[in-house]
Every structure is written in structure tokens, then in C-alpha cells.
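K.L.:
Chain residues, written in single-letter form:
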Amino acid sequence: MMTATPVVETRGLVKRYGDHVAVAGMDLVVGPGEIYGLVGPNGAGKTTTMKILATLLAPTAGEAYVTGIPVDADPIEVRRRIGYMPDFYGVYDDLKVWEYLDFFARCYGVPANRRGPMIGELLSIVGLEEKRTDYVEALSRGMRQRLCLAHTLVHDPALLILDEPASGLDPRARVEMREILRELRGMGKTILVSSHILPELAEMCTGVAIIDHGRLLRSGSIHEIERSLRATALLRVEILGDETLRTAAADFLRTDSRVGDVLDAAPDRGGVIRLEAAFDGDGDAQADLLRKMIEAGHRVVGFSQATSDLEEIFLKVTGQTDEEAAA
Amino acid sequence: MTATSATFGGTRRSALREFGASVVTIMVKELRSRMRGRRAFIVLTVYLAILALITYGVYATVAPAARGGGFAPGMGGGGANASALIGQTIFSVLSIFQLILVCFIAPAFTAGQISMEREKQTLDLLISTPMRPGAIVIGKLAAALAFVVLMIVAAIPITAIVLMYGGASPDDIVRQQIVLLATALALGALGLFFSALLKRTQAATVLTYISLLALTLGTTMLFIFWSVVMNQDGGGGGFGRQDRAPEQLMYINPVVGMLDVVSNTEPGGFGAITGVLAQLRGEEFNFGGGMQCNGNVCVAVDQFGNVIEDAESASGYWWPRVSITFVVLSVLLTLASMRLVVPTGMRWAFTRPRRRHALLTPSPGVTVDSGAEGTPTIEELGSDAPPPEKPAP
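So the protein lines, in turn, are chains A and B.
Going by my numbering, the first sequence opens with residue 1, and the numbers climb by one from there.
Going by my numbering, the second sequence opens with residue 1, and the numbers climb by one from there.
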């Protein structure tokens, strides 16, 4: 893919099931080589969106393209370009591991002379070389997940659509899955991956779309999303002193117009008061506030923006819609 | 790169080859899991053992009576006739039994083919490959039938025993095979159809066997009932003539097809089965006197003992009709199954792609639609009814 054609593009994508709107006008653009995360609570429309892209569902309205090919007009051609891993799937457990991959390679029309070596490569990518002649039945859940991931790769697709690839895995298997995805990205694959857990994706995704109720709420890199939520950044201030200084310090913070609520944070520890303040301002404004505090004679030993918890971002973003909806 | 040109430039022939390759892919996979282990071996062995036992049982029952000469009136005792009688009886019983076994086995192999994939959630993986749904369906049917065909063909040597005794010719065996294969094909396609139609294998299996009953007992009872009703309505056109239900009703009855094959082996081409089959067609065969045989020559006689000179055997009428009907039925059922395998949301998407392109270019009609639905109201968004991520499991 030398051209700048986005690997995934949807415009005003809508999917209805009767009265229920599963996807309500989704605009997504995923460029080549990205690992793009779809994050949202259960029922947000992630799976529906992915199924439409995987040509298993026809959109009610709107358009969806994979490498520029419309999914509803030319599903067969789209399928040649994608590897799809559903959130719930079964495996043919009466086949051996290599037969399983061989079967899917045949399904995708991979020529016989390429199948053998390719299966070896795939098994080594997902770390199942040892299991080549075992029955699929005998694999653990994490191994099956990796086998299913390997099956999406048999035809060397441009795009991988992975629906909750880490769900139901133990922490170790999750880490392994993440490593594999990084490796695949290194191989130049574009990956569309979904999760209802933002932090799981944050570390490896180049872009994230937070969706809820079938709508795209925020999209961009994790940093961009964080910045867009900066309005309510949380400042953590540590001041040397005893209890008597606490109220003074809190009052001083409140004098700044950009400061919202001031909260008592963790209990004092060895003569250090901790305060947390909701702050509406950028880095400049923060530096400004710090300078003023020091000039006012507060002995500041710690001043930081609380590393925003991704869970918090997520709740905040999805929470906003609930408020909007309630309004 | 717009892939459209690359792939649709391919000739029809390469598309056909691709289709064939997909069918083989599915077959290989199905046979790999089906033929592995002891199951297939045991099923085949048990099947052949049952047929062999039946053959022996028939022989043991018929042979002494036939040799003794008192088995059938008019049959000369001993010699060639006894041998032919043994052969004919074995052939008849074997044919009917094989038919019954095939009727039960063929659907059993196909009734789970698609629904099982749904239940085990493997269908999405399969459908999201570029294989045509038609290739998936045909591959599955072919794999299931391959084993049934193996069973039918493996039983030929047992059936061929009758050639030793006489009473049935190689032609009869060929006809028997055709009816068996057509039946296996139709019932296999029927099972596959229900498997594609229904979500649960259990439901598909039950419906398949109910249909089997409808094809055999159902058609027979309907035929009789229909004929009776027609005659009660005063339609009975004079003495000795009865109105009947349309004979086409019996084209879907595999038993009629097989009885027809069997009837051809009845001495001289006439007998009880021939009579019954003839009645289905409303032909009056007056064999009141049954058969009279002298050596190998049998003639039909009426109740007064007069030889019916121009009596023409009625056998050979049903089996080609039943077989052809079954083949047509299989094609229709297979086509329907292909349609059903395509995910619900995409069923229309398998028309010719090119036309679709034209339709898809943003036309006012389409955009109006999206405009109306693209902006859900706040009530819709706010409703806390759990949104089904999946289209109903």
C-alpha cells in the first residue's frame, strides 16, 4: 500500500437492528501501519462496526471501505485483504494445529507450495511451533487465541480486525498477545483492535477511538484525547509543613481562578501536606501557579499533574454522553 | 491499489477453478475429521455386517422352502427356479433394507453440517474467507455424501451374491444403485438445507426426519386419502374405474422407486409389487390367476386361467422418475442452502459485484436513508436497554 488510501474508512456508518441503533453514524479513518483501538463499553457498537468491516453484516446506511474497496459491494475482494478474529469463535478441535492453518490457507487460495513454510512461520510468530502436530482440542485458551490470530494471517492480509483478542486471557497471555501485535505492526500490518479496557490498548495503539452508544466520542492518539480532556486535569501538590498550613495552602489555591475544587488527598506523611486540585489550564498556567505559590512562601516539594488514569479518561468520556443523553 | 480490476479481470474459467478448489478444501477438511479415528470404520463395518446378516437370514429362510418346491404356488420345485427365487428374494430384501438404512444415515451426516458450525461459532471464521457460500455448501454435501456413497458402493459385493443365484440381473443392481444414490443425494441435501435454515442441529435433525416420514409414509397416506375422497365425491367414473390422486405425488417417495426396481425381478415381470405399483397409475392389471411357470418361463394369467398374451410389465416406470425428481430436488435444496449460509446481513450482497458498484455510488435515495437514520435521537441514545452487540446469538 504505497498510496495514502486509508486502510479503513467509514462515513456515516449506521447499523440498525429493528428499532435499536447499534452504530449511529460512525466516521473512522485508519491509515496504513496503524494499530487502531476501538474502545467502548459492552454494547457500544464495536463488534457491529468490526463485523461490517469484515463483511459479515451489511450497514443500514453509510459507507465503509477497506483499502478503498466498498465492503458491501465487493465483500469477496475485501475478505482477501482482511484477517478477522471475532470476539467469540470456535475452533475445529478435531483437526491438528497445522491442519487447521492449512485449511484456512486453502480457503484463502494460498498455493500448495507456499502453505508449508508459511504455516511454520506463523506458528513461530504466535509461539506454537511445538504444538504443530497436536490436536487443536488440546490447546489452552491462550493458545487457541493465538492460533486464531495466526489463522487471520495465512493470506498475508493488509488489515487485521481483531475483536477483543485479549478477552478471557490471563495477564501473562495478555502480555504475550500484546507482544505479538507489536511484532505484527513491525511487519507493516494495519491492525484494528477492540477492547472495553482502555489501558490494555493505550500502550500499543497509535490511535484510539472511544465509542459508546454507536457513536464516536473521541478519536486520535491517547495523548490527544488526554489533552482534549485537560480542562479537568488534576494537580497534585505537596507542601512541607504541618496541619496548620493545610487550610492556608488550600485557600491560597482557591484564589486562583483556574482552580476548581480543592481536595484533601492522602493523609499527611512526615510533615508533608498533600492537596489535590482540579485545574483548568495548560502547562504554562501550571508553571504560573507553581511560581505564585513559591513566591507566597509555600514550601512546595511536589507539584505534578496526576497522571491521568486511563480508566478515568474512559469513564469521563463515556460519562459525558450519559449526561448529554440525560439532558 | 484498487483491487477490483485485478480480480475481476480473471476469466470465468479461473473463477470456476477457484470454486472447485474451495469445494475440495471443504471436502478435505470434512473428510479429515470424519474419517479419522475409528468412527467411520465402525459405522461402515456395522452397516456391512447388518447387510450380510440380512442376506444370510433371507437365504436361510427361503432356501429350504424353495428347494422343497412348496414355497410359491406355481413355482416348479428345485433347479433353476429355486435358485432364482432365492436370488430374487435376497435382492428384494437387501434393496429395501439398504434404502431404509440410507434414508436414515444420509440425513444424519448432513443435518448438522451448517448448524454445528453455528453452534460451535466457527461459521463466521469460515464465511469471512473469500470462499463462495456455494462452494462451502457443495463441499459439505460432497464430503457427507462421499461417505454414504462409500457405504453404498461397499455393499455391492454383498448384493452381487444374487448374481450367483440368478433372479436379478446386473441391470437390476445398477438400477438399485441409482435409486440408492439419488435417495442419498436428496436426503443429504434435505438435511443440509435444514441445517442451514435452523440454528440448532437438534431442530434440524428432527425436521429432516419428519420430512423423511412425509416423503415416505406421508405421500402414501395422502395418496390413499386423496383417492378415497375423490371417489366419495362421486367422481368414480363407472364400474371398475377409480379416480386417483396425481401419480406425481409418488415421485418423491423413495420406497416407490425402490419397489419399482425390485418389481422388475419378479418372475416374468409380474407379481404382487408390480400389481401395487400398477394400481398407483390406475392401470388395471388383472392377474387374478397370478403366475404360471413352467421351468423358467412364467406367464401371467387371469382369474380364469387364461394366459394374458400382451401383458406388459409395469416395472421400470417409477424408478427413473423418482431418481430424476430427487436429483432436481437436491439441486433446489442446495441452491436454497447456499442462500442461507450467507450471513443474514449480507444475503443480497452476492449478486454480481459489478452491478452493485453502480448501485452503490452515492445516489440520493441512499443518502436520504442515511440522513434519516444517521442521526438517532437523544432518546434512542439514552435508552439504557442493553444494546445487542451481536445480532442475537
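In case anyone wonders, no lab produced these hints; they're calculated from the structure.
A couple of the hints might just be wrong.
[Said to hold, decoys possible] Computed far set for chain B versus chain A, every beta-carbon distance over 12 Å: (1) Tyr59; (2) Val62; (3) Ile96; (4) Arg118; (5) Thr122; (6) Val228.
[What the hints assert, rightly or not] Here are the simulated DSS-like cross-link-like pairs (lysine-lysine), alpha carbons at most 30 Å apart as the crow flies: (7) A:Lys292 - B:Lys199; (8) A:Lys131 - A:Lys96; (9) A:Lys96 - B:Lys120; (10) B:Lys120 - B:Lys199; (11) B:Lys120 - A:Lys292.
Every residue gets a Cβ at the ideal spot worked out from N, C-alpha and C, and that includes glycine.
K.L.:
All hints are to be evaluated individually against the structure, with a verdict given for each.
P.N.:
Checked hints:
no.: 1; hint: Tyr59; in the structure: holds (41 Å)
no.: 2; hint: Val62; in the structure: holds (45 Å)
no.: 3; hint: Ile96; in the structure: holds (35 Å)
no.: 4; hint: Arg118; in the structure: violated (10 Å)
no.: 5; hint: Thr122; in the structure: violated (4 Å)
no.: 6; hint: Val228; in the structure: holds (48 Å)
no.: 7; hint: A:Lys292 - B:Lys199; in the structure: violated (70 Å)
no.: 8; hint: A:Lys131 - A:Lys96; in the structure: holds (9 Å)
no.: 9; hint: A:Lys96 - B:Lys120; in the structure: holds (17 Å)
no.: 10; hint: B:Lys120 - B:Lys199; in the structure: holds (11 Å)
no.: 11; hint: B:Lys120 - A:Lys292; in the structure: violated (65 Å)
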